[in-house]
Every structure is written in structure tokens, then in C-alpha cells.
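Undergrad: Could you build all of it, start to finish, from the sequences and the hints given here?
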Amino acid sequence: MEPPFMSPPDHGVFLLRRPIAYLAGPDVFMPDAPERAARKIAICEHYGLHARAPVAESGTVKLPPWERIFRANLVMMEACDVVIANLTPFRGASADAGTLVELGWFGGKGRPVYGYSNDAASFASRSYAHIARCPDPVAGMEVEDFGLPDNLMIPGLLEEQGIALVLPENGQSRDFACLDIFERCVALVAARYGMAPV
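Under this note's numbering, think of the first position of the sequence shown as 44, with each following residue one higher.
These are computed hints drawn from the structure, not numbers from a lab. This one's a predicted model, so the numbers in the text were calculated from it and none came from an experiment. Quick reminder that beta carbons are idealized off the backbone N, C-alpha and C, glycines included. Each hint should be verified, as a subset may be incorrect.
To be verified - Beta-carbon label-pair distances, calculated as ranges:
1. V118 x E203: 23 to 29 Å
2. F189 x A140: 33 to 39 Å
3. L106 x S168: 40 to 46 Å
4. A85 x Q204: 23 to 29 Å
5. A172 x L195: 31 to 37 Å
6. E203 x A76: 29 to 35 Å
7. E187 x F219: 19 to 25 Å
8. F72 x L195: 23 to 29 Å
9. E121 x G199: 22 to 28 Å
10. F72 x V118: 17 to 23 Å
11. L106 x A167: 38 to 44 Å
TA: What follows is the structure in C-alpha cells.
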């Protein structure tokens, strides 16, 4: 049997196994999605965490493809203790919509939510750039500008748990595929559960 681990006392959760992290993010749309998922899972294992990525799942239930994916993801999420979400902007100024649903699901369940972004720019600056390319449906709409990395509800959810969104330390955005910011986020999750690199 694996040794017991626990989250901080304020959560009072004891785990008689290694924590399982759900790896949320638009990585599933990348051309090398299975290989990328394997790399991210290996990083988690190095830090003592089990991890599951939705791209690795398949099913034989006779449902429309979108519903099969949705239900498989829910089953996987239910089996995980914590989410590590790739909140790097995707096809717009903000994080991937599906990833945000998953982030909110974990938060609503009272489970730890961790997120990272490879983009060092503010949400406002990205919003202005997006509007320049694709004007708002109504002229004069306000741009949310609190100096935050994304819509206030995203860092707000993390900070409600005392967690900060992990961003590039030097203020330099990374390529979407880079995994160094992800690894920093994984290290924080591992530290929460008293884990150390193996």
C-alpha cells in the first residue's frame, strides 16, 4: 500500500494514496495531443502525483461523439482530487471555454484548483488587440481592466483558495507548447500534498 498523504489542515482531507490531478486545457486540440499528454503525465509522476488527461480516454458507449467525450470527462473529473488547468489564452483573449467549465466544476466541488498560463500579457491588453482584429458587436463596450491575467472570475476563484495563477516569472510570454510554466504549477500542487520530486 502507498503511504498516506494529506492536504493542508484547512481542508482536512486525508488520502490513502497519491493525489490524482486532472489535466485540463486546450492541449487536447494539438496535433500531438496524445504525446503531449504523456509528457505532462510524466512530469506529474516525477513530482509524485498521478495524473489523468482527457485525451487519453476512449469509450465504446453508443452516444454522439460530443456527448461521449463530455460524459467520459465527467467520470474522469469525479475520480480526481485536484485540477491543473492550462489557462493560456486560446482562440481569443481568454482561456479555453471548456477548460473554464472544468475549473468551475472542481471549484464548485470544493476541490483544489490550480492554473497556469504561458502568456504574460494582461487580459485588457489582449482584449484590445482582439477587438482591433474582431470588433465588438456593439461599439463602445467596456473592456475589463483590473491589471489581471484574465477575466476577474478566473484568478478570483484560485485566490479564494489561496492559490495564485502561475505565470512567466520574467514577464516574457512562452510559446503555447512550452511546459516549464506547467511544471512550476505541478511543483506547487505536489508541495500542497507534501510530495517531492522522485
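Undergrad: Each hint: holds or not?
TA: Okay, the hints, checked on the actual structure:
Separation of V118 from E203 is about 26 Å and conforms to the stated range, judged on CB atoms against 23 to 29 Å. A hinted range of 33 to 39 Å for the beta carbons of F189 and A140 is inconsistent with their spacing of about 21 Å. A C-beta distance of roughly 41 Å is found between L106 and S168, which places it inside the suggested range of 40 to 46 Å. For the hinted restraint 23 to 29 Å between A85 and Q204, the CB-CB distance of approximately 26 Å keeps it satisfied.
Roughly 19 Å separates the CB atoms of A172 and L195, a value that falls outside the hinted 31 to 37 Å. In this structure, E203 and A76 meet the distance hint of 29 to 35 Å, their C-beta atoms being roughly 31 Å apart. The hinted window of 19 to 25 Å between E187 and F219 holds, with their beta carbons roughly 23 Å apart. Between F72 and L195 the CB atoms are about 26 Å apart, so this pair conforms to the stated range of 23 to 29 Å.
At about 24 Å, the beta-carbon gap between E121 and G199 stays in the expected band of 22 to 28 Å. The supplied range of 17 to 23 Å is met by F72 and V118, whose beta-carbon atoms lie about 21 Å from each other. Restraint check, L106 to A167: a C-beta distance of roughly 41 Å satisfies the suggested window 38 to 44 Å.
Going down the numbered hints, you'll see the structure goes against 2 and 5, while the others check out.
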